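Chemist: Protein chains in written order, with the numbering used here: chain A, 1 to 117; chain E, 1 to 112.
Calculated directly from the structure, the hints in this document are not laboratory data. Just so you know, not all the hints are guaranteed correct.
Far from chain E, some chain A residues (derived; all Cβ distances over 12 Å) [said to hold, decoys possible]:
1) V4
2) S15
3) K66
4) S95
5) F108
6) G111
Simulated crosslink set (DSS-like; lysine-lysine; CA at most 30 Å straight-line) [said to hold, decoys possible]:
7) E/K70 - E/K104
8) E/K67 - A/K41
9) A/K41 - E/K104
10) A/K64 - E/K70
11) A/K55 - A/K66
12) E/K104 - E/K67
13) E/K2 - E/K56
14) A/K14 - A/K66
15) A/K64 - E/K67
16) E/K42 - A/K55
17) A/K64 - E/K56
18) E/K104 - A/K20
19) A/K14 - E/K56
20) A/K20 - E/K67
21) A/K41 - A/K66
22) E/K104 - E/K2
23) E/K42 - A/K14
24) A/K20 - A/K41
25) A/K66 - E/K70
26) E/K2 - E/K67
27) E/K42 - A/K66
28) E/K67 - A/K55
29) A/K55 - A/K14
30) E/K99 - E/K70
31) E/K2 - A/K14
32) E/K70 - A/K55
33) A/K66 - E/K67
34) A/K66 - E/K56
35) A/K14 - E/K70
36) E/K42 - A/K41
37) A/K20 - E/K70
38) A/K55 - E/K56
All of these numbers come straight from a predicted model, not from anything done at the bench. Positions of the beta carbon are idealized from the N, C-alpha and C atoms, including for glycine.
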Amino acid sequence: GAVVSQHPSWVICKSGTSVKIECRSLDFQATTMFWYRQFPKQSLMLMATSNEGSKATYEQGVEKDKFLINHASLTLSTLTVTSAHPEDSSFYICSAPLAGGTSYEQYFGPGTRLTVT
Amino acid sequence: QKEVEQDPGPLSVPEGAIVSLNCTYSNSAFQYFMWYRQYSRKGPELLMYTYSSGNKEDGRFTAQVDKSSKYISLFIRDSQPSDSATYLCAMSPTGANSKLTFGKGITLSVRP
């Protein structure tokens, strides 16, 4: 099956610094990728839709200047958390649907756990 | 009212039990319905998907969708300790590349 990877799997950073998280589709191309955030014992909350070659679409309430998304190629999307604060500590997960596929043909990465101290 | 409601549990059952997990939703535009399993500190993995109303069976798992009641279910037969995980329902209105709306997830524990 299709594989999506994320890097890093776990990162600790100091308050005020920026952190970049990568999401890669390893064996298929993804013109669209989705970024989610998940707090402990909570569901996945969609943050933004990343579109290759164009600007990301952010969900209501998500600060686009704080969570920078770049979809540089058909296999790579990055999420940069700028000026991170402890309240940004969370589990960040990306997903990539198969191009032209149905909504259930979305493959999730293993997630990145961000801890801001 | 949230778009997707899911009893957060947790749910604990003995090994071999039949497990019933449910979600309700309010958006009548939802056409695609999925169940994901998520182990602790891992990304979700797709278990079952169904388009529109009906039943779908895959091994020990059965997914049911009742669009008239806006209600979906996942049944797990002969539950195993390895089924212990968080189960999330997800839905979308369209088929292609569409974003998913998730339920809150329910944590299932199957006792040996």
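Chemist: Now look at each hint and say whether the structure bears it out.
Modeler: Here is what the structure says about each hint:
1. V4: 8 Å, violated
2. S15: Since the minimum Cβ distance to chain E is about 23 Å, A/S15 lies beyond 12 Å and the statement holds.
3. K66: Consistent with the label, A/K66 stays out of reach of chain E, its closest Cβ about 20 Å off (over 12 Å).
4. S95: 8 Å, violated
5. F108: A/F108 not clear of chain E: closest Cβ-Cβ about 4 Å, inside 12 Å.
6. G111: 5 Å, violated
7. E/K70 - E/K104: 16 Å, holds
8. E/K67 - A/K41: Measuring from Cα to Cα gives roughly 28 Å; hence the hint holds.
9. A/K41 - E/K104: OK: A/K41 and E/K104 at ~8 Å, within 30 Å.
10. A/K64 - E/K70: 34 Å, violated
11. A/K55 - A/K66: 15 Å, holds
12. E/K104 - E/K67: 20 Å, holds
13. E/K2 - E/K56: 26 Å, holds
14. A/K14 - A/K66: Distance of about 16 Å is within 30 Å: holds.
15. A/K64 - E/K67: 36 Å, violated
16. E/K42 - A/K55: Holds, because 28 Å separates the two Cα atoms, which is no more than 30 Å.
17. A/K64 - E/K56: 40 Å, violated
18. E/K104 - A/K20: 27 Å, holds
19. A/K14 - E/K56: Not satisfied, since the Cα-Cα distance of roughly 48 Å exceeds 30 Å.
20. A/K20 - E/K67: Between A/K20 and E/K67 the Cα gap is close to 41 Å, so the pair fails against 30 Å, i.e. violated.
21. A/K41 - A/K66: Distance of about 24 Å is within 30 Å: holds.
22. E/K104 - E/K2: At roughly 10 Å apart (the allowed maximum being 30 Å), E/K2 and E/K104 satisfy the hint.
23. E/K42 - A/K14: 24 Å, holds
24. A/K20 - A/K41: The given pair, whose Cα atoms are some 24 Å apart, holds under the 30 Å limit.
25. A/K66 - E/K70: 36 Å, violated
26. E/K2 - E/K67: Given pair E/K2, E/K67 holds - Cα atoms ~17 Å apart, limit 30 Å.
27. E/K42 - A/K66: 25 Å, holds
28. E/K67 - A/K55: 35 Å, violated
29. A/K55 - A/K14: OK: A/K55 and A/K14 at ~28 Å, within 30 Å.
30. E/K99 - E/K70: 19 Å, holds
31. E/K2 - A/K14: Cα-Cα ~35 Å, so violated.
32. E/K70 - A/K55: 34 Å, violated
33. A/K66 - E/K67: 39 Å, violated
34. A/K66 - E/K56: Measuring from Cα to Cα gives roughly 42 Å; hence the hint is violated.
35. A/K14 - E/K70: 45 Å, violated
36. E/K42 - A/K41: Between E/K42 and A/K41 the Cα gap is close to 13 Å, so the pair holds against 30 Å.
37. A/K20 - E/K70: 39 Å, violated
38. A/K55 - E/K56: Roughly 38 Å separates the two Cα atoms, so the pair is violated.
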